[in-house]
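2 protein chains.
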Amino acid sequence: MQKKIHLINRPKGTPTHDDFKVVEAPIDSPEQGEVLIRTKYISVDPYLRGRMNEGKSYVEPFKLDEVISSAVIGQVEESKSDRFSKGDVVLGALGWQEYSVVKEDAIRKVDHHQAPASAYLSVLGMTGLTAYFGLLEIGKPQEGETVVVSGAAGAVGSVVGQIAKIKGARVVGIAGSDEKISYLKDELGFDAAINYKTQDVPKALEEACPNGIDVYFENVGGEIGDAVFPLLNNFARIPVCGAISSYNNVDQDLGPRVQGHLIKTSSLMQGFTVGNYSSRFGEGAKELAGWLSEGKLKYEETVTEGFDHTIDAFLDLFKGANLGKAIVKVDEIQE
Amino acid sequence: MQKKIHLINRPKGTPTHDDFKVVEAPIDSPEQGEVLIRTKYISVDPYLRGRMNEGKSYVEPFKLDEVISSAVIGQVEESKSDRFSKGDVVLGALGWQEYSVVKEDAIRKVDHHQAPASAYLSVLGMTGLTAYFGLLEIGKPQEGETVVVSGAAGAVGSVVGQIAKIKGARVVGIAGSDEKISYLKDELGFDAAINYKTQDVPKALEEACPNGIDVYFENVGGEIGDAVFPLLNNFARIPVCGAISSYNNVDQDLGPRVQGHLIKTSSLMQGFTVGNYSSRFGEGAKELAGWLSEGKLKYEETVTEGFDHTIDAFLDLFKGANLGKAIVKVDEIQE
Numbered sequence: 001m002q003k004k005i006h007l008i009n010r011p012k013g014t015p016t017h018d019d020f021k022v023v024e025a026p027i028d029s030p031e032q033g034e035v036l037i038r039t040k041y042i043s044v045d046p047y048l049r050g051r052m053n054e055g056k057s058y059v060e061p062f063k064l065d066e067v068i069s070s071a072v073i074g075q076v077e078e079s080k081s082d083r084f085s086k087g088d089v090v091l092g093a094l095g096w097q098e099y100s101v102v103k104e105d106a107i108r109k110v111d112h113h114q115a116p117a118s119a120y121l122s123v124l125g126m127t128g129l130t131a132y133f134g135l136l137e138i139g140k141p142q143e144g145e146t147v148v149v150s151g152a153a154g155a156v157g158s159v160v161g162q163i164a165k166i167k168g169a170r171v172v173g174i175a176g177s178d179e180k181i182s183y184l185k186d187e188l189g190f191d192a193a194i195n196y197k198t199q200d201v202p203k204a205l206e207e208a209c210p211n212g213i214d215v216y217f218e219n220v221g222g223e224i225g226d227a228v229f230p231l232l233n234n235f236a237r238i239p240v241c242g243a244i245s246s247y248n249n250v251d252q253d254l255g256p257r258v259q260g261h262l263i264k265t266s267s268l269m270q271g272f273t274v275g276n277y278s279s280r281f282g283e284g285a286k287e288l289a290g291w292l293s294e295g296k297l298k299y300e301e302t303v304t305e306g307f308d309h310t311i312d313a314f315l316d317l318f319k320g321a322n323l324g325k326a327i328v329k330v331d332e333i334q335e
Numbered sequence: 001m002q003k004k005i006h007l008i009n010r011p012k013g014t015p016t017h018d019d020f021k022v023v024e025a026p027i028d029s030p031e032q033g034e035v036l037i038r039t040k041y042i043s044v045d046p047y048l049r050g051r052m053n054e055g056k057s058y059v060e061p062f063k064l065d066e067v068i069s070s071a072v073i074g075q076v077e078e079s080k081s082d083r084f085s086k087g088d089v090v091l092g093a094l095g096w097q098e099y100s101v102v103k104e105d106a107i108r109k110v111d112h113h114q115a116p117a118s119a120y121l122s123v124l125g126m127t128g129l130t131a132y133f134g135l136l137e138i139g140k141p142q143e144g145e146t147v148v149v150s151g152a153a154g155a156v157g158s159v160v161g162q163i164a165k166i167k168g169a170r171v172v173g174i175a176g177s178d179e180k181i182s183y184l185k186d187e188l189g190f191d192a193a194i195n196y197k198t199q200d201v202p203k204a205l206e207e208a209c210p211n212g213i214d215v216y217f218e219n220v221g222g223e224i225g226d227a228v229f230p231l232l233n234n235f236a237r238i239p240v241c242g243a244i245s246s247y248n249n250v251d252q253d254l255g256p257r258v259q260g261h262l263i264k265t266s267s268l269m270q271g272f273t274v275g276n277y278s279s280r281f282g283e284g285a286k287e288l289a290g291w292l293s294e295g296k297l298k299y300e301e302t303v304t305e306g307f308d309h310t311i312d313a314f315l316d317l318f319k320g321a322n323l324g325k326a327i328v329k330v331d332e333i334q335e
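Residue numbers (the UniProt record's numbering), protein chains in the order written: chain A, 1 to 335; chain B, 1 to 335.
Derived from the structure by calculation, the hints contain no laboratory data. Please note: incorrect hints may appear among the correct ones.
[Claimed, not checked] Distance condition first, Cα-Cα at most 30 Å in a straight line; then the derived BS3-like pairs of lysine-lysine:
1) 63(B) to 203(A)
2) 103(A) to 264(B)
3) 319(A) to 197(A)
4) 264(B) to 197(A)
5) 165(A) to 203(B)
6) 185(A) to 329(A)
7) 298(B) to 286(B)
8) 165(B) to 103(B)
9) 63(A) to 264(B)
10) 298(A) to 109(A)
11) 296(A) to 109(A)
12) 4(B) to 63(B)
13) 86(B) to 12(B)
14) 264(B) to 12(A)
15) 319(A) to 185(A)
16) 63(A) to 319(A)
17) 319(B) to 21(A)
18) 167(A) to 264(B)
19) 319(A) to 109(A)
20) 140(B) to 140(A)
21) 286(B) to 203(A)
22) 140(A) to 21(B)
23) 319(B) to 329(B)
24) 12(A) to 165(B)
25) 286(A) to 264(B)
Bear in mind that the values here come from a model prediction, so they are computed numbers and not experimental data.
Put together the whole structure using the sequences plus the hints.
Here it is as structure tokens:
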């Protein structure tokens, strides 16, 4: 038998343990063209909150009383596919469960000797690609421009800021603890960083951006985003990646309308999801891996140990507790 | 002596007659390279409200106790330029005054036999070009898509809707009187039109857009714009041209934040001003003139007669009184 995590309620506001249930289930056997995978690392991500609601979005909502899924790194335990052998380390969108049986098309091998297996859930995976395409395709930072990123110490934001530095921009991060601020400035080389919990964000932003703002990479929404609009330069670009501050809102999310600022500055604001760029993932992953191996790109993980703490790791996302990518380590990779 | 209109107060909220003063001034004489122009038609436009405030925007604020200016059609009364002769009909950014002396570089001739002189203030002028570039460069309507335009019976909106029809889109207009609704549907061939003063806009929009909204050309801002976001299709485009509903706001303009909708649908929202496309005005004016002569493009003017009613004509803009372009006719063109 194994454990699986089901969604049993559509959360109202901030999710709690009551919205989830750990169930016991048998371990299936693979049929021809399938493999049995033992779960090693589970990715927990803010966007999963949206899938817990009903209604249309860019991904299907999770079904009630069924297993939740996200990006998972596993190791092949038993293969009935010509493409995979026992021991292969693989990546796929798999269930929050200890073992999965999947079709060979649903997974791909990753090289865990080139980079740690968990990196394929973060800097070399969806969050790295999200930063890469959102910043470069929508934000288009130019040398000497000012790039502001919110959620700057998170899995996406930390990569956004570092790519902006690689492109020669001045980078200002916004995050929620002094530890994160130090990390951004001292470890990642951000030019300035603002602690939104202790500083007056509009004032601090104005001081940190004496030449205005050319690119704002939006990860959080809410009042932090609001503070950016009055400082936009002409032809500024705003990739809108996330709005974690509002994901648990029950009431309508009200704020100053942005239209006037967009008109005054001829600025662009564009929502996106990484899936829009799926045909170019190879190109992005290759460039990210190059920067990683050259030491130009650093990443952090907040690792929660043990399958039983998966729900805790997910709930912690909304407390701003994680530095870098939040990952659950279920088990060691077997060499 | 002649009359000039000065701005004497920065309006708080909606402008009133008390913010303006009509002053008497001598008529200057042109020096070498200059011409004396008699004012024939004055363009009154919502964007001028922004120039009455202090602070940075895409155009300089008007100075207090100086003459207001906008697009003007005039006729050369006396020329000390080789390029212009007495009787030429010219277009320029000139003062709200009965006579102007300007350098030859500040004006250009228009052919008032090819189209009525006033058309160069509307469909063949800035408002037509605003519609043309905003819709085609940002909105990019495709055949069969649904285009919604607010301020649809106005100088910009009416041209936006007609170009969208030319491009094969389904067009839904939002305007503020039954007379305007009839005009949009019966005269301009819009597929549907909504009276925001008498109808429930969110409900009416949903009914008028059974396939969702692909392009929203934003002229008004406020609650009308808010109603569009929940209906956006994936990869929708929103050219943000104006926000007349908020131009006179004293308090902060609050509304539902849009970030979540942009993310869910990967939609783009871009502010612009027609000046961004100035290097391509010739191309736009030529295509507009072609559609006009083929009868594919119609336009209306709300003409206020007499220089003394210029301020009234401007103030009427904020009452939603005008159908098509608001123009002051100061005097007949002399043949």
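Status of the hints after comparison with the structure:
1. The straight-line distance between the Cα atoms of residue 63(B) and residue 203(A) is roughly 29 Å, inside the 30 Å bound, and the hint therefore holds.
2. For the hint linking residue 103(A) to residue 264(B), the alpha-carbon distance of about 29 Å falls within 30 Å, and the restraint holds.
3. Distance restraint check for residue 319(A) and residue 197(A): the Cα-Cα separation of roughly 12 Å lies within the 30 Å cut-off, and the hinted pair is therefore satisfied.
4. For the hint pairing residue 264(B) with residue 197(A), the CA-to-CA distance comes to about 28 Å; that is within 30 Å, so the pair holds.
5. A C-alpha spacing of about 47 Å is found between residue 165(A) and residue 203(B), which places the hinted pair above 30 Å, so the restraint is violated.
6. Proximity of residue 185(A) to residue 329(A) is assessed by CA-CA distance (about 28 Å); at most 30 Å being required, the pair is judged to hold.
7. Of the supplied pair hints, the one linking residue 298(B) and residue 286(B) holds, its CA atoms being roughly 15 Å apart against a limit of 30 Å.
8. For a cut-off of 30 Å, the pair hint linking residue 165(B) to residue 103(B) is broken: about 41 Å separates their Cα positions.
9. A distance of roughly 19 Å separates the Cα atoms of residue 63(A) and residue 264(B); the hinted pair therefore holds under the 30 Å criterion.
10. Of the pairs offered as hints, the one joining residue 298(A) and residue 109(A) holds, with about 23 Å between alpha carbons and a cut-off of 30 Å not exceeded.
11. Between residue 296(A) and residue 109(A) the CA atoms are separated by roughly 25 Å; this keeps the pair inside 30 Å, and the hint holds.
12. The hinted pair formed by residue 4(B) and residue 63(B) meets the criterion: a straight-line CA distance of about 14 Å does not exceed 30 Å.
13. Under the criterion of a C-alpha separation no larger than 30 Å, the hint pairing residue 86(B) with residue 12(B) is inconsistent with the structure, at around 42 Å.
14. Of the pairs offered as hints, the one joining residue 264(B) and residue 12(A) holds, with about 19 Å between alpha carbons and a cut-off of 30 Å not exceeded.
15. The straight-line distance between the Cα atoms of residue 319(A) and residue 185(A) is roughly 22 Å, inside the 30 Å bound, and the hint therefore holds.
16. Proximity of residue 63(A) to residue 319(A) is assessed by CA-CA distance (about 25 Å); at most 30 Å being required, the pair is judged to hold.
17. With a C-alpha separation of about 58 Å, the suggested pairing of residue 319(B) with residue 21(A) is violated against the 30 Å cut-off.
18. Of the supplied pair hints, the one linking residue 167(A) and residue 264(B) holds, its CA atoms being roughly 28 Å apart against a limit of 30 Å.
19. Restraint check: the Cα-Cα separation between residue 319(A) and residue 109(A) comes to about 33 Å, which exceeds 30 Å; the hinted pair is violated.
20. Taking the CA atoms of residue 140(B) and residue 140(A), the gap is about 21 Å. The hint holds against a cut of 30 Å.
21. The hinted pair formed by residue 286(B) and residue 203(A) fails the criterion: a straight-line CA distance of about 48 Å is larger than 30 Å.
22. With a C-alpha separation of about 47 Å, the suggested pairing of residue 140(A) with residue 21(B) is violated against the 30 Å cut-off.
23. The suggested pairing of residue 319(B) with residue 329(B) holds, with an alpha-carbon distance near 20 Å, which does not exceed 30 Å.
24. The hinted pair formed by residue 12(A) and residue 165(B) fails the criterion: a straight-line CA distance of about 44 Å is larger than 30 Å.
25. For the hint pairing residue 286(A) with residue 264(B), the CA-to-CA distance comes to about 27 Å; that is within 30 Å, so the pair holds.
Violated hints for the displayed structure, listed by number in ascending order: 5, 8, 13, 17, 19, 21, 22, 24.
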